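Chains Y and D are the protein sequences, given in the same order.
Each residue of the first sequence is one higher than the one before, counting from 1 in this note's numbering.
Each residue of the second sequence is one higher than the one before, counting from 1 in this note's numbering.
Quick caveat, the hints were computed from the structure, so don't treat them as lab data.
The structure presented is a predicted model; accordingly, all values stated were derived computationally and were not measured.
We put the CB at the ideal spot given by N, CA and C, even for glycine.
Each hint should be verified, as a subset may be incorrect.
[Claimed, not checked] Facing chain Y, a subset of chain D residues (Cβ under 8 Å, in silico):
| no. | residue |
| --- | --- |
| 1 | G116 |
| 2 | G125 |
| 3 | D132 |
| 4 | D189 |
| 5 | T342 |
| 6 | M356 |
| 7 | L368 |
[What the hints assert, rightly or not] Straight-line alpha carbon distances no greater than 30 Å define the calculated BS3-like cross-link-like pairs of lysine-lysine that follow:
| no. | chain 1 | residue 1 | chain 2 | residue 2 |
| --- | --- | --- | --- | --- |
| 8 | D | K266 | Y | K232 |
| 9 | Y | K103 | Y | K232 |
| 10 | Y | K103 | Y | K45 |
| 11 | Y | K141 | D | K107 |
| 12 | Y | K391 | D | K107 |
| 13 | Y | K180 | D | K266 |
| 14 | D | K141 | Y | K391 |
| 15 | Y | K141 | D | K259 |
| 16 | D | K266 | Y | K238 |
| 17 | Y | K45 | Y | K141 |
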Amino acid sequence: MDLSYTDEELAFRDEVRAFLDEKLPKEMAAKVAGRGELTREEMEKWHAILNEKGWLAPNWPEEYGGCAWNAVQKHIFEEECAFANAPRIVPFGLSMLAPVLMKFGSQEQRDHYLPRILNGDDWWCQGYSEPGAGSDLASLKTRAVRDGDHYIVNGQKTWTTMGQHADWIFCLVRTDTDVKQQEGISFLLIDMNTPGIEVRPIILLDGTHEVNEVWFTDVKVPVENLVGEENKGWTYAKYLLTHERTNIAGVGNSQAGLDAVKRMARAEIHNGRPLIENPQFAARMAQAEIDLMAMATTNLRIVSKAAVGQAPGVEASMLKVKGTVIRQEINDLARRAAGPYAMPFPSEAVEGDNDPIGPEYAGPVSAAYFNNRKLSIFGGSNEIQRGIIAKVTMGV
Amino acid sequence: MNFDLTEERQMLQDTLRRFLSDKYDTAARNAILDSETGLSEDIWNGLAELGIIGALFSEDYGGFGGAGFDIAVVFEELGRAGVVEPMLDTAILGGGLLAALGDDAQKEMVEEVIGGALHLAVAHGEPASRYDLNRVETTAKAAGDSIVLNGRKAVVVNAEAADHLIVSARESGAVGDVDGISLFVVPSDAAGLTMRGYALMAGGRAAEVTLDDVSVPASARLGEAGKALPAIENAVAAANVALAAETMGAMQSATELTKDYLMTRKQFGRPIGTFQALAHRMSDMLIELEQARSAVINAAGHLESDSRIRDMQIASARNLMGRVGRLVAEESIQMHGGIAMTQEYELAHIAKRITMADHRFGDTDYHLERFIALSAA
Numbered sequence: 001m002d003l004s005y006t007d008e009e010l011a012f013r014d015e016v017r018a019f020l021d022e023k024l025p026k027e028m029a030a031k032v033a034g035r036g037e038l039t040r041e042e043m044e045k046w047h048a049i050l051n052e053k054g055w056l057a058p059n060w061p062e063e064y065g066g067c068a069w070n071a072v073q074k075h076i077f078e079e080e081c082a083f084a085n086a087p088r089i090v091p092f093g094l095s096m097l098a099p100v101l102m103k104f105g106s107q108e109q110r111d112h113y114l115p116r117i118l119n120g121d122d123w124w125c126q127g128y129s130e131p132g133a134g135s136d137l138a139s140l141k142t143r144a145v146r147d148g149d150h151y152i153v154n155g156q157k158t159w160t161t162m163g164q165h166a167d168w169i170f171c172l173v174r175t176d177t178d179v180k181q182q183e184g185i186s187f188l189l190i191d192m193n194t195p196g197i198e199v200r201p202i203i204l205l206d207g208t209h210e211v212n213e214v215w216f217t218d219v220k221v222p223v224e225n226l227v228g229e230e231n232k233g234w235t236y237a238k239y240l241l242t243h244e245r246t247n248i249a250g251v252g253n254s255q256a257g258l259d260a261v262k263r264m265a266r267a268e269i270h271n272g273r274p275l276i277e278n279p280q281f282a283a284r285m286a287q288a289e290i291d292l293m294a295m296a297t298t299n300l301r302i303v304s305k306a307a308v309g310q311a312p313g314v315e316a317s318m319l320k321v322k323g324t325v326i327r328q329e330i331n332d333l334a335r336r337a338a339g340p341y342a343m344p345f346p347s348e349a350v351e352g353d354n355d356p357i358g359p360e361y362a363g364p365v366s367a368a369y370f371n372n373r374k375l376s377i378f379g380g381s382n383e384i385q386r387g388i389i390a391k392v393t394m395g396v
Numbered sequence: 001m002n003f004d005l006t007e008e009r010q011m012l013q014d015t016l017r018r019f020l021s022d023k024y025d026t027a028a029r030n031a032i033l034d035s036e037t038g039l040s041e042d043i044w045n046g047l048a049e050l051g052i053i054g055a056l057f058s059e060d061y062g063g064f065g066g067a068g069f070d071i072a073v074v075f076e077e078l079g080r081a082g083v084v085e086p087m088l089d090t091a092i093l094g095g096g097l098l099a100a101l102g103d104d105a106q107k108e109m110v111e112e113v114i115g116g117a118l119h120l121a122v123a124h125g126e127p128a129s130r131y132d133l134n135r136v137e138t139t140a141k142a143a144g145d146s147i148v149l150n151g152r153k154a155v156v157v158n159a160e161a162a163d164h165l166i167v168s169a170r171e172s173g174a175v176g177d178v179d180g181i182s183l184f185v186v187p188s189d190a191a192g193l194t195m196r197g198y199a200l201m202a203g204g205r206a207a208e209v210t211l212d213d214v215s216v217p218a219s220a221r222l223g224e225a226g227k228a229l230p231a232i233e234n235a236v237a238a239a240n241v242a243l244a245a246e247t248m249g250a251m252q253s254a255t256e257l258t259k260d261y262l263m264t265r266k267q268f269g270r271p272i273g274t275f276q277a278l279a280h281r282m283s284d285m286l287i288e289l290e291q292a293r294s295a296v297i298n299a300a301g302h303l304e305s306d307s308r309i310r311d312m313q314i315a316s317a318r319n320l321m322g323r324v325g326r327l328v329a330e331e332s333i334q335m336h337g338g339i340a341m342t343q344e345y346e347l348a349h350i351a352k353r354i355t356m357a358d359h360r361f362g363d364t365d366y367h368l369e370r371f372i373a374l375s376a377a
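Let the sequences and hints guide you as you build the complete structure.
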């Protein structure tokens with residue numbers, strides 16, 4: 001047992017830090033730290049900077065342009081990016097669709113789409129959830145009917161993250177209604193510019209527009225846009241979900257969040273003393289930190305298992321639950337640390353050319369608190385994860 | 001012992017609940033949230049006509065209530081409907097201070113408040129004061145027959161709509177001293193008074209108020225010079241009862257919405273409420289809601305008690321409401337899933353009301369600390 005990074009791993013960390021220090025635009029990092037909404041151009045810019053360095057796709061095999069990193073290096077990279085407030089790379093093309101195409105796509109699909117994903121030519125979004133199919137994803141109803149060289153698609157997807165920017169959507173659609181739910185689903189690639197597609201914004205409770213409804217009315221999709229075999233889409237979807245789970249614990253985000261809470265608690269004065277000296281607040285903060293320290297090591301234990309080729313199973317579900325609970329607790333601490341200045345609506349507090357209303361750190365905290373309630377809902381809710389843990393460990 | 005509402009209060013509750021269920025549905029409220037003023041004069045006048053504002057004042061000031069249970073009944077209903085109109089600011093804080101300290105002319109303003117014609121805001125908190133009521137840096141200095149105010153007031157709720165601001169300022173002593181704080185009734189269009197207004201996360205509006213050599217006559221002083229803190233504490237005690245009741249009302253709505261959703265939303269071929277993992281959590285919320293109701297009763301029933309007993313009950317109610325409110329808001333959202341994250345869904349607003357109440361007059365930790373200090377005394 002050795003709890004420290006090796007010399008090679010430390011050298012790698014320094015290399016990542018130097019890169020971030022040099023290449024991550026300062027104004028972009030400040031925006032991420034302040035939870036400002038990044039523009040499409042800003043997200044594309046960071047994508048291009050990473051691509052130029054060859055660090056855009058750590059999880060891809062080298063033959064497709066990935067990095068020859070082991071699991072510990074990938075972890076270091078993700079953690080350093082979070083510490084530095086680098087924008088999150090939009091995962092839909094890079095981390096979700098690409099692995100599916102590599103394993104199940106045709107040679108033509110791989111040759112066409114993968115380089116375009118790396119170059120940022122296509123912005124992808126994910127068409128999974130439907131109004132009636134959330135946790136029970138397999139009950140999805142969006143219908144695709146074969147008609148000569150095309151499928152005709154009708155139905156509705158929802159919670160489509162950044163669908164307003166997307167050029168393409170990968171969709172789970174029902175191609176057979178006469179079989180068991182899971183056996184009648186196919187995986188289709190659909191050009192968002194096809195007639196019959198309408199994107200409607202959903203405004204979240206913090207006022208942000210990050211998700212959408214996507215409506216399909218008689219949308220014609222060429223049959224060559226089918227991935228793999230018809231009616232095998234559920235298998236591909238499950239494969240994709242295992243790749244959705246990189247950085248699932250969010251250790252770096254939590255650490256950065258906790259550092260921010262400490263800075264706030266040093267600045268806020270209560271009864272003439274800094275809030276960080278207040279026993280109630282200090283105890284709550286310490287508990288979050290204790291939980292985070294243990295989870296960071298759990299995460300590393302799982303990461304180093306993966307580094308020698310053992311696939312994480314139920315541990316991914318455990319990390320999702322614990323990781324989101326800790327992040328949400330830190331969001332709650334930040335909200336409380338800000339005091340009355342957590343009350344202004346965030347768009348007025350952090351956007352535009354206005355000076356911040358209260359202390360700069362207070363502007364985004366209540367929005368972050370409400371927005372991050374999503375962490376325990378999306379990507380398989382924490383209830384679904386607990387079900388998986390019970391099923392795997394107890395067979396129930 | 002009798003926990004039933006009096007006949008009058010039962011009528012008050014029925015009237016208000018009917019009015020709000022007719023006039024204040026999600027669509028109507030979302031329109032108010034999107035409006036520039038962040039409040040509806042129609043709703044305000046309707047509430048005044050029904051006597052809702054009058055119920056918050058005793059007969060001495062032209063009302064017909066004013067006790068802790070009157071405040072609790074009104075604010076529970078406002079909370080149920082997620083009302084954003086500034087009843088707390090104009091009536092409980094502003095009207096309460098005028099009634100407690102006003103001379104005859106100032107007391108007459110209370111009648112205008114009851115009639116719905118006058119809006120008020122209390123400008124007490126400052127950028128560095130957090131929830132500490134004694135920390136006042138704003139200064140008041142005599143200049144001939146006038147008094148000149150200088151300073152900045154933070155997150156002054158309802159400031160833009162207010163006809164008058166009740167401004168606290170220090171006439172003597174050091175920042176943090178209990179003595180030396182005075183209150184002044186300042187017209188909102190006074191020269192040297194500027195506002196930077198903004199919308200609030202849970203609805204309504206507030207402003208940062210800057211006082212730059214604002215000159216008022218000595219007759220603008222509310223109560224005795226330098227002795228305003230006890231009255232401020234009394235007004236905030238009433239406001240805490242109101243906030244606790246409002247939060248409890250909002251928690252009722254959150255649990256009702258969640259209960260309905262669990263029994264209508266189907267996944268895996270059955271209502272999700274039939275999954276025990278969710279059913280038990282729903283039960284926990286209902287248990288905590290009863291705790292909240294009792295805490296509100298304790299606080300409201302002791303609003304007129306001596307200040308140590310009163311403040312212990314209030315600290316305990318606000319601490320419990322902070323803990324239980326967080327549980328109810330977060331669990332309601334979680335059990336709904338994505339739909340509760342959307343701006344236009346009723347629960348999103350209700351959850352924001354519950355959560356952001358924790359940022360006025362002390363949060364969960366602040367009230368725990370107060371309770372510890374008071375119970376050790």
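Going through the hints against the structure:
1. G116: Result: violated, 25 Å to nearest chain Y Cβ.
2. G125: With a minimum Cβ separation of about 6 Å from chain Y (threshold 8 Å), the hint on G125(D) holds.
3. D132: holds (6 Å)
4. D189: violated (22 Å)
5. T342: holds (6 Å)
6. M356: Because about 6 Å separates M356(D) from the closest Cβ in chain Y, which is inside the 8 Å limit, the hint holds.
7. L368: holds (6 Å)
8. K266(D) to K232(Y): holds (25 Å)
9. K103(Y) to K232(Y): Measuring from Cα to Cα gives roughly 13 Å; hence the hint holds.
10. K103(Y) to K45(Y): Given pair K103(Y), K45(Y) holds - Cα atoms ~29 Å apart, limit 30 Å.
11. K141(Y) to K107(D): violated (65 Å)
12. K391(Y) to K107(D): violated (68 Å)
13. K180(Y) to K266(D): holds (18 Å)
14. K141(D) to K391(Y): The given pair, whose Cα atoms are some 72 Å apart, is violated under the 30 Å limit.
15. K141(Y) to K259(D): This hinted pair holds, its Cα atoms lying about 26 Å apart.
16. K266(D) to K238(Y): With Cα atoms ~22 Å apart, K266(D) and K238(Y) stay inside 30 Å; holds.
17. K45(Y) to K141(Y): Roughly 37 Å between the alpha carbons, so the hint for K45(Y) and K141(Y) is violated.
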